[in-house]
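Chains as they are written, first to last, in our numbering: chain A, 1 to 211; chain B, 1 to 211.
There may be inaccurate statements among the hints.
Any copy will do: because identical chains look the same in the list, a pair fits if it lies in one copy or spans two.
Claimed, not checked - Quick list of in silico lysine-lysine cross-link-like pairs, DSS-like style, CA-CA up to 30 angstroms:
| hint | residue 1 | residue 2 |
| --- | --- | --- |
| 1 | K114 | K14 |
| 2 | K124 | K2 |
| 3 | K2 | K191 |
| 4 | K204 | K138 |
| 5 | K114 | K197 |
| 6 | K138 | K124 |
| 7 | K2 | K114 |
| 8 | K197 | K124 |
| 9 | K204 | K2 |
| 10 | K14 | K197 |
| 11 | K2 | K138 |
| 12 | K138 | K197 |
Hints listed in this document are in silico derivations from the structure and should not be mistaken for laboratory results.
The residues making up each chain are set out below.
There are 2 protein chains.
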Amino acid sequence: MKHFTNQEIQELSKYYRANLINSITGYKPANLIGTISETGETNLAVFSSVVHLGANPALIGMIVRPASVPRHTYENILATGYYTINHIHESFVEKAHFTSANFDRSDSEFDTCKLQAQYIDDFKAPFVQESQVKMGMKFLQEIPIEINGTILIIGQIEHLILLGEIIGEDGNVDLEAVESICVSGLESYSKVGKLAKFEYARVKNVPDFEY
Amino acid sequence: MKHFTNQEIQELSKYYRANLINSITGYKPANLIGTISETGETNLAVFSSVVHLGANPALIGMIVRPASVPRHTYENILATGYYTINHIHESFVEKAHFTSANFDRSDSEFDTCKLQAQYIDDFKAPFVQESQVKMGMKFLQEIPIEINGTILIIGQIEHLILLGEIIGEDGNVDLEAVESICVSGLESYSKVGKLAKFEYARVKNVPDFEY
């Protein structure tokens with residue numbers, strides 16, 4: 001096994017370290033965040049830091065790093081109070097990846113990467129038409145993570161829109177059926193297949209495992 | 001497409017809502033968190049909320065919900081200041097799942113689920129011997145998320161231990177080679193295969209996409 005201490009991680013080249021440390025938390029969800037500025041300029045950006053916070057109320061977090069990357073998504077969320085989270089599927093993974101290029105604010109990634117903006121009811125922020133699982137989010141709170149200048153954005157689900165056929169009787173969603181993907185590191189995308197579904201873990205049901 | 005408003009989500013049954021809302025953020029990383037109490041009782045628990053916070057310094061976050069589930073992991077982290085993050089692989093996914101059963105504090109999940117505790121150097125918290133990608137974490141900070149009583153735990157990587165062969169020349173880690181898995185919803189686990197790796201997204205390299 002290869003062993004890096006904290007000191008050795010600090011001494012790695014910036015590029016190598018970024019790839020390594022972005023790889024080792026495991027697979028990450030692949031989502032596009034859709035926003036609009038107060039003057040009507042839309043923005044779309046790939047994020048791998050979306051995290052479930054709670055089901056009741058239905059809250060989702062995501063980490064933004066306003067100091068190191070263009071702030072369009074973050075600024076639009078603060079300015080309008082709304083954003084969308086849209087699953088990335090195999091069919092448009094390359095388009096989704098290139099939304100992370102450093103486009104001018106006046107160039108919408110919907111246009112440059114040829115993904116269709118979709119407006120639902122009177123919700124302000126644009127959804128991704130091509131996405132089969134998407135959420136309209138109301139911004140609730142930002143929590144600064146002072147230790148490295150990142151920010152936890154917390155939002156509440158106002159609209160949840162997904163293909164009806166993929167919702168199971170128990171509420172579980174079959175993400176494999178719509179070929180949602182996941183991210184490894186910064187630039188690698190992976191497809192996903194079912195492995196196992198287990199019953200709710202209770203002490204009396206624990207199998208008789210062996211080493 | 002099926003459309004749930006916030007109001008309709010609130011009116012769902014608790015079980016259905018938990019499954020649905022835990023499914024829709026996309027695939028989640030599958031990790032085991034290893035801890036030890038001040039009196040030497042080890043604990044192991046599956047978490048799907050691990051999130052990359054930054055590479056320099058190398059920081060990782062995770063969400064804990066001390067109000068709703070047993071607090072052993074959280075209490076041990078606060079008491080000792082150390083914990084481990086260990087990838088779950090296909091070979092021990094069922095053992096990993098059942099660590100979430102509500103065992104007594106005196107029953108270590110290492111024993112009940114037959115995973116081997118491993119101690120590295122003089123690091124306090126136990127690693128999972130069977131895991132091929134694992135981190136020894138130093139607890140830095142907890143940030144309360146008052147809106148729903150969850151907590152963001154922030155830690156710094158003190159030791160990063162992984163199979164040397166899976167580290168690419170650029171620092172990217174081949175998680176598929178060690179069959180790391182991901183989580184969907186609360187009880188479903190998925191296997192992962194390579195889909196695509198793209199170059200760093202620059203405006204001048206954006207392909208000529210079509211709708």
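Verification of the hints:
In this homomeric assembly, K114 and K14 never come within 30 angstroms of each other (Cα to Cα): the closest approach is 32 angstroms inside a single copy and 39 angstroms across copies. For the identical chains of this complex, K124 and K2 are inter-copy neighbours only, at 20 angstroms across copies versus 49 angstroms inside a copy, given an alpha-carbon limit of 30 angstroms. Taking the shortest alpha-carbon separations for K2 and K191, both the intra-copy value of 27 angstroms and the inter-copy value of 24 angstroms come in at or below 30 angstroms. In this assembly of identical chains, K204 and K138 lie within 30 angstroms of each other by CA distance neither inside one copy nor across copies; the values are 41 angstroms within and 34 angstroms between.
Taking the shortest Cα distances, K114 and K197 sit within 30 angstroms of each other only across copies (20 angstroms), while inside one copy they are farther apart (36 angstroms). Only within a single protomer do K138 and K124 lie at most 30 angstroms apart by alpha-carbon distance; the minimum there is 10 angstroms, versus 42 angstroms between protomers. Taking the shortest alpha-carbon separations for K2 and K114, only the inter-copy value of 25 angstroms comes in at or below 30 angstroms, while the best intra-copy value is 42 angstroms. When the C-alpha separation of K197 and K124 is checked against a cutoff of 30 angstroms, the pair qualifies neither within a copy, at 37 angstroms, nor between copies, at 33 angstroms.
In this homomeric assembly, K204 and K2 never come within 30 angstroms of each other (Cα to Cα): the closest approach is 39 angstroms inside a single copy and 37 angstroms across copies. With identical chains, the CA atoms of K14 and K197 are at most 30 angstroms apart between copies only, with a shortest distance of 20 angstroms across copies and 39 angstroms within one. Only between protomers do K2 and K138 lie at most 30 angstroms apart by alpha-carbon distance; the minimum there is 19 angstroms, versus 44 angstroms within a single protomer. Taking the closest pair of Cα atoms, K138 and K197 never come within 30 angstroms of each other, the shortest separation being 32 angstroms inside a single copy and 33 angstroms across copies.
The structure fails hints 1, 4, 8, 9 and 12 (numbered hints given earlier, in ascending order).
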